[in-house]
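Visitor: Residue numbers (the working numbering), protein chains in the order written: chain E, 49 to 273; chain V, 28 to 281.
Accuracy of the hints is not assured; some may be wrong.
[Stated by the list, open to error] Selected chain E positions facing chain V (in silico; Cβ < 7 angstroms): (1) T119; (2) H138; (3) A146; (4) S153; (5) H154; (6) D239.
Hint data in this document are derived by calculation from the structure and do not stem from the laboratory.
For glycine and all other residues, C-beta sits at the position ideal for the given N, C-alpha and C.
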Amino acid sequence: MSSLVRSFSSSLGRKLLMGASGLLLLAFLVVHVAGNLVLFAGRDAFNGYSYHLVSNPLIYVAELALLVLFTAHLVAGIVVTARNRAARRHRYAVKHWARGKSSKSHKSVASSTMIVSGVFMIAFVPLHLWTFKWGPNYPSSADPAVRDLYRLVIEEFRRPLEVAWYVGAMLVIGFHLWHGFASGCESLGVDDRDWLRRTGQVLAVAITGGFVIVPIAIWLGWVPA
Amino acid sequence: MSEATMTLTLRVWRQAGPDAPGRLVDYCARGVSPHMSLLELLDVVNEDLTAKGEEPIAFDSDCREGICGSCGLVVDGVPHGPQAATTTCQVFLRHYRDGNVITIEPWRARAFPIIKDLVVDRSALDRIIAAGGYVSVDTGSAPEANAIPVPKDEAERAMDSAACIGCGACVAACKNASAVLFVGAKIEHLTRLPQGLPERERRVLAMVTQMDAEGFGSCSNEGECEAVCPKEISVTNIQRLNREYARARLKPRR
């Protein structure tokens, strides 16, 4: 155990921790977006899915694991960023990306703003839980024991501001994943960079697309109330 | 042969000593040949300065043929200048146009303190090597060279990593001033070969510990280091360093 703690207190160890926690959080996002898309299968399917999810006692284990992962990823990210800033006390008067001289660099706006897109989640995640997890508990007409989450989602995403905020937040997450997937894998020692970058970009677009299609479809009135 | 000459403005970082405040100072170089290298241009400017009784610009250089790793300047915001796979001494004025302004700064990293002007102290890299970047050989006669067979492709890969000249451009280019490309190249070079295997765990742990103690940052996996590396050391070395480090940490110790 002490060896594990020591591992994570080195510069490489902190990045291993960030990579592993980030990839597990990404796996959660894949499950989450798949669940969201059940909404298109209709009210009963969506409410049934959410009921089975929250009535399983393992949900508490999963929630605890997510909280630990999220906290670890965030804290490691802040610590790593602070130390990285400290590693260069005096800035360059003129500094340009070296991408211009060799295609070997994958530096992008996304890779340069990971801490910004990451810290943004401190604002988004609690509000998101407040809106949905701890939001109004409508009983469904079919079975009062089953929560009518479908109704809540439709109500929320009939409001343009709610749609804009949510879509914006998903774009920020997508931006984070654009660099995050490849970077996390590389921190864990996977060494096929070009494949990782392409896969990360496909994943970022697919996950963001899956998340934003739900509010947009509801807002456009494509989903029956 | 007609000799077109150029007039260039050099905007150079001047700093009298480690703790002195620094600033960019403009120097105009008139009538210089496009065949000169950037370092030769600095030599010309320095002769002028010396003749005028001013302090010449301090900068590092040695072989001036791109192999030693002594020179290293951030030229217009990019370590070793605009060309890929090139050291600063191989940047020639023909890459510039008459009237250009060229900004020259030293490597900037907490682990590379400025000694004077463009000269930085890169001994942090030497201390990382001293911590474990070697293969221990007991004294006695040299072992027979072919006693340990090394497959050709493994030898080639080790050589690719061993091409690192330790100039520090990777650190200078990295937004985090991280030295993992340097450390990765050394680890990979030694661990690829059978002679380096007996000490592999001790080596990677000691070198990473020293790297952290020197105050280098972490890797953000952007690859700016490889883009500026004059020897085109691949970031694959960093991923292999990550694996090697995790392996050494996870391996139960006696």
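Visitor: All hints, please: hold or fail.
Guide: A quick look at each hint next to the structure:
1. T119: Violated: closest Cβ of chain V sits about 19 angstroms from E/T119, beyond 7 angstroms.
2. H138: holds (6 angstroms)
3. A146: holds (4 angstroms)
4. S153: For E/S153, the interface hint holds, since the closest Cβ of chain V sits about 4 angstroms away, which is under 7 angstroms.
5. H154: Since chain V brings a Cβ to about 5 angstroms from E/H154, closer than 7 angstroms, the hint holds.
6. D239: With a closest approach of 4 angstroms, the E/D239 hint holds.
In summary, the structure is inconsistent with hint 1 from the numbered list given earlier, while agreeing with all the others.
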